[in-house]
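Q: Throw the hints in and build the complete structure from the sequences for me.
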Amino acid sequence: MSFLAGLFWDKSSTKAHKTPGGIKPADFKDHSLRSQIMTPPVPKELWLSLRQKDGNNLETLVAVGDKVLKHQLIAAATTPFGVPIHAPTSGQIKEIAAKLVVNAFEERQLHIVIAADGLDNSQQLHPLEMYQSISKIQLIAKLHDLGVGELGGADFPKVIKPDIANQSQTELLIINACECEPFISADEALIREKAEQVVIGVEILQRASGANNSVIAIETRMLDSIQALKAAVENRNIKLVLVQTKYPAGDKNQIIQAVTGKEVPSGDLQKDNSILVHNVGTAYAAYNAVIKGQAYISRITTLAGKPLKTAKNFEVLLGTPVPFLLELCGNDTLKQESTIVGGSLMGITLFEENVPITRKTNCIIAACSDWFPEPPAELACIRCGDCADVCPAKLLPQQLYAFSRSQDLENLEDQNLIDCIECGACSYVCPSNIPLVQYFRASKATQQDHLKQSELSGHWKERYQFHQSRLIKDKEESKTRKARVTKSRAANSESTDFSRSTAKTDIAAAVNRVKKRKIEAALKKAKEAKTEPGEGPI
Amino acid sequence: MKPSTISSPRQTNSKSVSNLMKTVLICLCPGIVSSCWFFGIGILLNILIATIAALVFEAVCLACRGKDPKVQMTDLSAVVTAVLFALTVPVGTPWTFIVAGIAFAILISKHAYGGLGQNLFNPAMTGYLFLLLSFPLAMTTWHIPLNDLTSGMPISPLSMEGVRQSLLASFPFMAFDSNMSKELIDGMTVATPLTLTEMASPNAFAAALSSDASIWSRDARTGWEIVNMAYLLGGLTLLGLKVIRWHIPLAIIGTVTLLSLAFYSPGSATITGTPYMHLFGSATILGAFFIATDPVSAATTTSGRLIYGVIIGISLYSIRVWGSYPDAVAIAVIFGNFWAPMLDHFFKPRSYGHKSKLSQLIQGLKS
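Chains as they are written, first to last, in the working numbering: chain A, 1 to 538; chain F, 1001 to 1367.
Each hint should be verified, as a subset may be incorrect.
[What the hints assert, rightly or not] Under the rule of at most 25 Å between Cα atoms (straight-line distance), these lysine to any residue pairs were calculated in the SDA-like manner:
#1 F/Lys1067 - A/Glu374
#2 A/Lys394 - F/Phe1347
#3 F/Lys1355 - A/Asp414
#4 A/Lys306 - A/Met38
#5 F/Lys1366 - A/Ser266
#6 F/Lys1242 - A/Ala377
#7 A/Lys394 - F/Trp1339
#8 F/Lys1067 - A/Glu378
#9 F/Lys1015 - A/Glu374
#10 A/Lys394 - F/Leu1361
#11 F/Lys1357 - A/Pro20
#12 F/Lys1242 - A/Asn433
#13 A/Lys18 - F/Leu1358
#14 A/Lys18 - F/Gly1240
#15 F/Lys1015 - A/Asn433
#16 A/Lys504 - A/Asn492
#17 A/Lys99 - A/Thr78
#18 A/Lys306 - A/Phe351
#19 A/Lys24 - F/Thr1302
#20 A/Lys394 - F/Ser1356
#21 F/Lys1070 - A/Asn433
#22 A/Lys394 - F/Thr1012
#23 A/Lys262 - F/Phe1347
#24 A/Lys262 - F/Thr1302
#25 A/Lys262 - F/Gly1353
#26 A/Lys394 - F/Lys1355
#27 A/Lys94 - A/Asn57
#28 A/Lys262 - F/Ser1356
#29 F/Lys1015 - A/Pro373
#30 F/Lys1015 - A/Asp370
#31 A/Lys252 - F/Lys1355
#32 A/Lys335 - F/Thr1012
#33 A/Lys18 - F/Lys1355
#34 F/Lys1070 - A/Ser369
#35 F/Lys1355 - A/Glu410
#36 A/Lys44 - A/Gln109
#37 A/Lys142 - A/Met130
#38 A/Lys360 - A/Ile275
Just so you know, these hints were derived from the structure itself, not from any lab.
Only a predicted model underlies this, so the values are computations on that prediction, with no experimental measurement involved.
A: Here is the structure:
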């Protein structure tokens, strides 16, 4: 495969740098790549979740019974982290109710339910062919207002990524076209059919981010897509980088290393790294938003799995119920045992399949035990080290496993468990069938708990110590006060000859003392207010 | 739709522990077959006795520890332990010794430490060491079928007489005439190859060839080279199949070769042996490819593995040349095992996105 891809190398593309680890699982992508991207009919109902990654960032603008038009704004962002929601089709708001979200366990969140009227009437759009005519800030605002966010497999509210990039000068924009997980072929199909639009989208993102260079990183496996991109990037300032086909080549750290040859420092959230990574889907969405003026209301999603008659890629409206799409593909419900959202290696097995397509749903797999058999019994670790060879973070899973089992948090930290990206390559190769990645997830959670606990205990310790010191101080103060009072009393009783002059000086001294004490008290109060730690709720 | 219990990643590759162990067993076969050719069926008897004993002990231990022997024994680790142990024990060792050694290996060295994956020391080698310390004489004599009539003359080990003698050595109770069995044991033994001066200089292989014996003639003098080359073939196959990694075998063989070159003094009174003898006249090859590479008790990081191999190589050579034991693979491997946890702790590879220890040190010195 990579040999064939080599035939396409020329000036516009370069070979990627080597990245550590990785596996080559069977990818099952050819099933869904046989046909072109299809636009399914509009479903009767669309469910749009009001929950976004960082909690409540949205304000609903519609009420039950309202009529809405396609592309109409129905929920606005109240913080920069929120992504506004638009109506994917015309219809009526049926209800705003708690519904299941895409998750492995039962979780309900508020959804806006739109009953489609089937007319698909759109509100007026504002296409902008010459996007170069508006400023960078305006361009970012336009993208944000139309709901363009990061659409890759990883969940991160990256709609503001261009904003972040704005603060530190972005040098390089990397468009991630490595779709390394099995089954998913949405990006590959998108590039194959809409390379021109994608490339224009990349240019828009480049302008919005202010990056000097932009690169599209694509796996050598995607021959058709590479060819399509080659034609599209001709005479443009965009370079192709051919990345070795392996899992997890699409991981952000891996992509950055493959393109630049440099590792991303551990713990770096990539805020000041001057490199910006976006998904191909984001570029396409940027094209639709700016050139066509459309809001982000649909995405490419792969449907695959053995129970399906045909595996396909759909350009599907957000909020479309998953069962509706499965039915379109001729799902054999008797055969289907579970539904997976995402790829087979990192995806979530749904608690219930009655959930909508969201902005990051890149794949739906109808799973059955023919393709996903129950794993064999877990045997003892023989420390063969195969896991260490495939780890993209260059960790030692065999050691992490031992420390996870013994809950040795100190050693887990020493072995950099925190850098585990939970790709599951270690579990994939383990000859003893140990679900390593599950152990690591659990250990990470324990680490977090422990950290929280120690922070909390540290806080209370500080409070307690402060309290103790204040008690001691108060005691000492009252002691000295008592001593002073008894002393002055004794002095008073000693003075036998009472005279006007002595009385006068005594009064003046008392007045002074009171004044002084008042000032002292005020000072003390101010000081105490300053030193009192950890005020407020915990 | 029932909720699935399968967690991500839902795919696995086809590698399994039992397949790995099977591959190891298959790669041992050339060595075993050639051993039979030169020394008779004694080695097969060793393997048979050891395997049966190991499986019984393993099943009992697993049942006692509340594990399902049917599931856990599919890993075949007990069989590999038994076979490696049987290969290190001299041919013609009585069955009682073998069972005792296996009992120590499986019961104490493996399950007392928590079973497969938890043992600090290589079970097969601890079993052998247990026997070596308990029965030093039996563990250092090698039985070769000899001609009854003209004593001292070797006979074809696979002939009827040879097979009978091998059986008698392994199962002494089969000899009804007590006189005969005693005589047999005394008459049949030769010392292990390393104590043969022929092996030292000039090497036996050349000597055997010059005294117009063919490579295939069943002469114990030529036997060791051929057997070791067969083990080398198996070891290289393991490497090719990526069952083992190159670091440990290369480090051991490299160290032994370098040391034997450095200390080689032809003609001197103390014979230290040629590099050729150290590699092909002893158990170095078997130890380097099959025994020291046991991942459970070896170091698990790349640099750790190299150092682990060097430690084993040095101790192997030192014990063999300056120590009182004729061959030292078992002791050297156990000695290496002692170091493995520490090597794992101090020779971690650099994680992704982290600075190497050296650059950290340099930075620390600068500031």
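Q: Hint by hint, say whether it matches the structure.
A: For each hint, the structure was consulted:
{"no.": "1", "hint": "F/Lys1067 - A/Glu374", "in the structure": "holds (20 Å)"}
{"no.": "2", "hint": "A/Lys394 - F/Phe1347", "in the structure": "holds (13 Å)"}
{"no.": "3", "hint": "F/Lys1355 - A/Asp414", "in the structure": "holds (14 Å)"}
{"no.": "4", "hint": "A/Lys306 - A/Met38", "in the structure": "holds (19 Å)"}
{"no.": "5", "hint": "F/Lys1366 - A/Ser266", "in the structure": "holds (22 Å)"}
{"no.": "6", "hint": "F/Lys1242 - A/Ala377", "in the structure": "holds (24 Å)"}
{"no.": "7", "hint": "A/Lys394 - F/Trp1339", "in the structure": "holds (23 Å)"}
{"no.": "8", "hint": "F/Lys1067 - A/Glu378", "in the structure": "holds (12 Å)"}
{"no.": "9", "hint": "F/Lys1015 - A/Glu374", "in the structure": "holds (16 Å)"}
{"no.": "10", "hint": "A/Lys394 - F/Leu1361", "in the structure": "holds (21 Å)"}
{"no.": "11", "hint": "F/Lys1357 - A/Pro20", "in the structure": "holds (19 Å)"}
{"no.": "12", "hint": "F/Lys1242 - A/Asn433", "in the structure": "holds (18 Å)"}
{"no.": "13", "hint": "A/Lys18 - F/Leu1358", "in the structure": "holds (23 Å)"}
{"no.": "14", "hint": "A/Lys18 - F/Gly1240", "in the structure": "holds (23 Å)"}
{"no.": "15", "hint": "F/Lys1015 - A/Asn433", "in the structure": "holds (9 Å)"}
{"no.": "16", "hint": "A/Lys504 - A/Asn492", "in the structure": "holds (14 Å)"}
{"no.": "17", "hint": "A/Lys99 - A/Thr78", "in the structure": "holds (22 Å)"}
{"no.": "18", "hint": "A/Lys306 - A/Phe351", "in the structure": "holds (20 Å)"}
{"no.": "19", "hint": "A/Lys24 - F/Thr1302", "in the structure": "holds (22 Å)"}
{"no.": "20", "hint": "A/Lys394 - F/Ser1356", "in the structure": "holds (12 Å)"}
{"no.": "21", "hint": "F/Lys1070 - A/Asn433", "in the structure": "holds (16 Å)"}
{"no.": "22", "hint": "A/Lys394 - F/Thr1012", "in the structure": "holds (20 Å)"}
{"no.": "23", "hint": "A/Lys262 - F/Phe1347", "in the structure": "holds (23 Å)"}
{"no.": "24", "hint": "A/Lys262 - F/Thr1302", "in the structure": "holds (22 Å)"}
{"no.": "25", "hint": "A/Lys262 - F/Gly1353", "in the structure": "holds (9 Å)"}
{"no.": "26", "hint": "A/Lys394 - F/Lys1355", "in the structure": "holds (12 Å)"}
{"no.": "27", "hint": "A/Lys94 - A/Asn57", "in the structure": "holds (22 Å)"}
{"no.": "28", "hint": "A/Lys262 - F/Ser1356", "in the structure": "holds (14 Å)"}
{"no.": "29", "hint": "F/Lys1015 - A/Pro373", "in the structure": "holds (16 Å)"}
{"no.": "30", "hint": "F/Lys1015 - A/Asp370", "in the structure": "holds (19 Å)"}
{"no.": "31", "hint": "A/Lys252 - F/Lys1355", "in the structure": "holds (19 Å)"}
{"no.": "32", "hint": "A/Lys335 - F/Thr1012", "in the structure": "holds (22 Å)"}
{"no.": "33", "hint": "A/Lys18 - F/Lys1355", "in the structure": "holds (18 Å)"}
{"no.": "34", "hint": "F/Lys1070 - A/Ser369", "in the structure": "holds (24 Å)"}
{"no.": "35", "hint": "F/Lys1355 - A/Glu410", "in the structure": "holds (19 Å)"}
{"no.": "36", "hint": "A/Lys44 - A/Gln109", "in the structure": "holds (21 Å)"}
{"no.": "37", "hint": "A/Lys142 - A/Met130", "in the structure": "holds (14 Å)"}
{"no.": "38", "hint": "A/Lys360 - A/Ile275", "in the structure": "holds (22 Å)"}
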